[in-house]
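4 protein chains.
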Amino acid sequence: MATRANSVEHPTVIKVDPFLPADQQKGLHNRWHPDIPPFATVKPGQTFKVECVDWTGAQIGNNDTSDDIKNVDLTKVHNLSGPVAVEGAEPGDCLVVDILDVQPFDKMPWGYTGIFELANGGGLFAQEFQSRAAKAIWDFDGIYATSRHIPGVRFAGVTHPGLIGTAPSPELLAKWNEREGGLIAQHINAVPPVAFPPEPIGAYVGQDLPAPVREKVAREGARTIPGREHGGNCDIKNLSRGSRCYFPVFVKGANLSVGDLHFSQGDGEMSFCGAIEMAGIITFKCNIIKGGVEKFALRQPIFVPSPVDPVYSSKIIFEGLSVDIHGDGTQYNMDASVAYKQAALNAIAYLQKIGYTREQAYLLLSAAPIESHVGALVDSPNACVTLAIPTAIFDHDILPNPEGFPERSFGQCAIRSDGVV
Amino acid sequence: MATRANSVEHPTVIKVDPFLPADQQKGLHNRWHPDIPPFATVKPGQTFKVECVDWTGAQIGNNDTSDDIKNVDLTKVHNLSGPVAVEGAEPGDCLVVDILDVQPFDKMPWGYTGIFELANGGGLFAQEFQSRAAKAIWDFDGIYATSRHIPGVRFAGVTHPGLIGTAPSPELLAKWNEREGGLIAQHINAVPPVAFPPEPIGAYVGQDLPAPVREKVAREGARTIPGREHGGNCDIKNLSRGSRCYFPVFVKGANLSVGDLHFSQGDGEMSFCGAIEMAGIITFKCNIIKGGVEKFALRQPIFVPSPVDPVYSSKIIFEGLSVDIHGDGTQYNMDASVAYKQAALNAIAYLQKIGYTREQAYLLLSAAPIESHVGALVDSPNACVTLAIPTAIFDHDILPNPEGFPERSFGQCAIRSDGVV
Amino acid sequence: MATRANSVEHPTVIKVDPFLPADQQKGLHNRWHPDIPPFATVKPGQTFKVECVDWTGAQIGNNDTSDDIKNVDLTKVHNLSGPVAVEGAEPGDCLVVDILDVQPFDKMPWGYTGIFELANGGGLFAQEFQSRAAKAIWDFDGIYATSRHIPGVRFAGVTHPGLIGTAPSPELLAKWNEREGGLIAQHINAVPPVAFPPEPIGAYVGQDLPAPVREKVAREGARTIPGREHGGNCDIKNLSRGSRCYFPVFVKGANLSVGDLHFSQGDGEMSFCGAIEMAGIITFKCNIIKGGVEKFALRQPIFVPSPVDPVYSSKIIFEGLSVDIHGDGTQYNMDASVAYKQAALNAIAYLQKIGYTREQAYLLLSAAPIESHVGALVDSPNACVTLAIPTAIFDHDILPNPEGFPERSFGQCAIRSDGVV
Amino acid sequence: MATRANSVEHPTVIKVDPFLPADQQKGLHNRWHPDIPPFATVKPGQTFKVECVDWTGAQIGNNDTSDDIKNVDLTKVHNLSGPVAVEGAEPGDCLVVDILDVQPFDKMPWGYTGIFELANGGGLFAQEFQSRAAKAIWDFDGIYATSRHIPGVRFAGVTHPGLIGTAPSPELLAKWNEREGGLIAQHINAVPPVAFPPEPIGAYVGQDLPAPVREKVAREGARTIPGREHGGNCDIKNLSRGSRCYFPVFVKGANLSVGDLHFSQGDGEMSFCGAIEMAGIITFKCNIIKGGVEKFALRQPIFVPSPVDPVYSSKIIFEGLSVDIHGDGTQYNMDASVAYKQAALNAIAYLQKIGYTREQAYLLLSAAPIESHVGALVDSPNACVTLAIPTAIFDHDILPNPEGFPERSFGQCAIRSDGVV
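Protein chains in written order, with our numbering: chain Z, 1 to 421; chain L, 1 to 421; chain Y, 1 to 421; chain X, 1 to 421.
Hints are computed from structural coordinates only; laboratory data are not their basis.
One thing to keep in mind: the hints can contain errors.
[As the list claims (entries may be wrong)] PhoX-like cross-link-like pairs, simulated, lysine-lysine; straight-line CA separation at most 25 Å:
#1 Z:LYS107 x X:LYS107
#2 Y:LYS315 x Z:LYS315
#3 X:LYS26 x X:LYS107
#4 X:LYS295 x Y:LYS315
Quick caveat, the model's predicted, so the values are computed rather than measured.
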């Protein structure tokens, strides 16, 4: 037949089953370490696909209670697909990664957003809200997400990998462990912890490795929680399908790993597992710029965003300053994190006036295409951060109404089976 | 004549001369205090104009050295036009302010961006760079700005007031002074200072006031440097012409003041006087929503952005984390301010590879329509902030080039007459 | 003073009074002819301003009847400011024109949109609607327009010159007159006419000219109604402030003329005087590319649009085909004009369901930032054209509502004093 | 497993093999007729998928000659998937169709754009160019398309169905046949034909039907070439994934059919098969608004566009008027089709200056996300149409360069094996 000839599917270099626990599958790993060998190798310029489980490795279900969130095992996260080596890449090069598409599995057209318990995961307002597990399940209808747990909203996904990075060199890994260890030492009893040291329990590499290598990886391997110089868990929503990213290369082959796919996320991803978490398939093309680290002063990834990121031009924008006006009124010194939190709290208070619960509002701001800008970081002592909610994602008008908002209830998100919120 | 009938110009309720020192003019003030009476009164729904001097009150000149920046008198800032009372506004109401236009004066088609001395103003990188005064003059050609001090760029202005707010109540003013005083007490010898207590020297109200009132304002009046609950110096570039803003009202009449007009600004406005500062004319319409503070949980201003903000879809984006990789490598704990700084330093390093000096890059990122998003504030311990430079503002290609960038010089910005940088 | 030094206003090379009849003023003309000498001369790279009367030259008033529209003298239009010669421009060059800003006069903050009588001006639906004069007056509040004659809408202007062009050479003028004369000869009794031959009555050049030159211009000068190879009355809304245009040069100096300023316009400008017509000030910068006609195959102007054109992402879009389904059902052959008209009639019918009158809808689609795309011009026999209305310009929801629209009236636009519609 | 429970894939109600001739497959048809029974039935609110072959039904191959285009059998087009009945839909209702996604088959990651022979398909410039078959094959890399036949460009697809519509009633079908028959009668010897009457040869319905029904459909069924009141082959690129469309319903069940999927298309789709044609999968959700035809004056489909259509803000725009300046100079009367053609010819001439062949330019303008606006349809006798090329789809700068463009060749597209162009 005319159309069959030369119809060649792009190869999938890592295949997974999104319904199986991650630690039963090949091509996955959940720690960063230079000694994890490449699971697959690709040539520059080749289009290829990588399948990913959701970040927890199939721990969270499509149901109406949050008990699975409450009891999630965080020693096992994030489950990454890789490493994928790119032929010819060497330390000091720049790895150009085209994120060509990010899609959920056809057989799993849903994802979730979670508020984690204060003592198991936490989140931006874990302390303020004394967080209890809560959850929203999102159904995927093509490019859109809706949730039975947060009625009245529908938005287009800005699908992206929450976590993508090249492998660290031994030196870089050592630096990470040292500096984060120092921070932990300063905040020894923090709940939730300020950082996570290497943790052999739950460590996993889905390859046949000699026991000493496996043990070394488990003992030394950096946790995947934070983003670092190699990329990692940056949770940047605009590192989305269609973007082109430039990574520094630290080891031969670059050894790219990816996971924590998101169907959507708001800037900040505030509720810890704030994005719409999903399993899915990412399509890549990689190229190499020799010596790119020096050419571009490439200390961390840079990227060019996608032309298909959703555009919602009508927005309502909240401001926040580095004064804890929602708490005890403390004056902070040019602290953009505090300012972001105040902007978010202003937005949550507003959404509550409309009729959403605090938990629904928190989940929605985490998951929807919220934009948060650093307004000003100059006017001592008050940093100013803004947070914008697109109005067109609602099926009702949310702009300030001179009459005030009508009394309305949108129910509640999924909460713990014991009813504690 | 047919067109003359019913042609009624919008009234200008405050007129100033941008060439005269602010403290020689009526309708200006440079402290926040509830006892400053309204200089003008408008009706709800009326379109009116307010003229503004530049924030320094005519201290900075269109020339090629930065000595005026070095020696600027900061006790006299910001020079605000107002207050303007809106008939019928009462505490607890929401003042809806349409920012209908923001234009420079025809007779002063230029503005400036400055790096201030470490010891006189400072700025985001005052310590890191041991800042010395530097400056770029921008010429306004209609909607565009260009600078002889930063060749090769041209961009459309997102004209806006850096500073706009309603007058505080006595209680609110007292709260400000208390909490900022506390912070100052904690950082008693900071250079630059972390905050600014009331300062009688330089205090100015351009109205005929009884001496006791004038003295009270000078003694108690809050400095205009930071943004606060009433708005104030938020320096949000998207609070621009065409936006609709909702302010809480704290005193009878609302008593709106405005100043610090900007022709353009990047998110963050990093170099202290980082926007393109200008004198000019702002056009307003105000309306009142009774009881709006309660109706909308209005703790701080909210706003709806403008449909005419410049759109540059092609961008290059830099990441930053809360690790001081450009300095001593310190690991911070979820600090978005540090992350913003690292993203900015990554961008500055990149622009230096292209051929701009550090000072030019610093000024450019402050003044051009840079977008900075809070990427993630969830992945302990690393906050992630991004900073995006639109590529189309350059007349040359700034995307990563596999060959690296050609050697090129763009000269230098205006520096001190003693040559110290 | 610091700010006064080197503050140089951009020069205004043509000044007019928008309240005076055009034929009493200097620097205006209303015919195209190579023998009209330049009224002003500028250097390449110089920023300058040109003032313009409205296209009718002060014939239309800010009032509530359309009698002035009914009786307008169209022999006197369009009143253009110019010509402005650019030093060094020669035939075959490309004149690069930066349209840096377009603003109404402060003293005339209003404009108008008109439906013209079938027999005096006409318009796209002159025959279908047996058009009678009608009008909407628009008030300018900074970047926004609203109309007491079409309540419930507010939109940002995409300010632009409806008419801008370089002077024709004698050969080009002769070609215009010949080809348009031929068309007129084919449709000798058309009402409204299909084209307009040279017309000495009403011809005007606001310069001291020898009588023979003046008479020649009046006798031969091309009417300004249509756009042609030199630009002219193209009425392209996106040739707006911030755009950069490339014109072919036909005579020494290029001799640029401009007029017919619009505060806003919809694609198509259907109701003849469909834009929001205004008097105002346009800011330019011109440069020359030698031999640009050959370098860029420049048979007509090309342009790069502005980054500040208003963005309204939410729209409702109507389709039209080249079948006259709103009339007698005639099947046309790939006729995009018919398709555009059907799309517009579909939109008008929809707006009438919402509660606007046919005349209000016709005026609104002409004046608001409507987008009309040529969908397909390939599927014989039906061309397909779309017409998009931004939803955010309404203060009420206009998307299809399952319940249908509530009964509502928006009054009527300005009509004739005899009440005939 | 936690993630497996309640993971329910959206059903695919019509499945096809893109590699098999369409007339060997079930669920396809290529004529419009009310007697074609629904092949599948869905409930309102249900998300479902429909698979589609390419419009020719597997006639065109991924190779480097255009012989398959030259010899294509057009009696067999378009091959549509359907009809799909929606429970409860009745004549007079409005069928709300959410186009939730449009994707190519994984196993067929490519598409094609063709110039058809003058005598077999034609196209907008068939006469002007005396068109010979030519072709570009496009490779799909996630959201992007590139072509070995048109080097130097890459763009994001605006994936959409070229053809989608509800079934006609007997009355509507009769009207179509009558009016198009009349046009054919007026242009009896036109090459290519102006319209296409019912044609039994090649007619196909992939269902078990009684012979009389099958024969009636073949004898009376409307060809699928043009768009009509029910939608049909409108080839509107923005009827894309993420859009919501409102169709009038003419028969019980609405009987929706879809096909002619496009990966991308320029406004106008000028070269007949100008879009990037593909086989693929479309995801839908349908709802019903009772009596919607009356409620919304719904004579033809209306739609709300998608938030994920690609955004390219930087463009170069060409103008065209209704004067055939590229041909014999004929003056047309307000003819937007002529104006569109002139704008396209101006753009083609420009692209040839850059180094593309005429055929490459023609294919590129047809396939890439070109925007064409009806600028003005008011300035007798010259309609004005614009055509905008996004600059960021090129990997080289295409803006006018004062030096002119460097000599450069981009090869040629696929042409006939006999070398005739």
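Hint consistency between X:LYS295 and Y:LYS315 [alpha-carbon to alpha-carbon, up to 25 Å]: holds, 19 Å
25 Å limit on alpha-carbon distance, applied to hinted pair Z:LYS107 and X:LYS107: Holds: Z:LYS107 and X:LYS107 sit about 18 Å apart, inside 25 Å.
Given pair status - Z:LYS315, Y:LYS315, alpha carbons within 25 Å: Within the cut-off at roughly 15 Å; holds.
Pairwise hint evaluation, X:LYS107 against X:LYS26, where the allowed Cα distance is 25 Å at most: Answer holds: X:LYS26 to X:LYS107 is near 20 Å, not above 25 Å.
Violation of the numbered hints given earlier is absent; every hint is satisfied by the structure.
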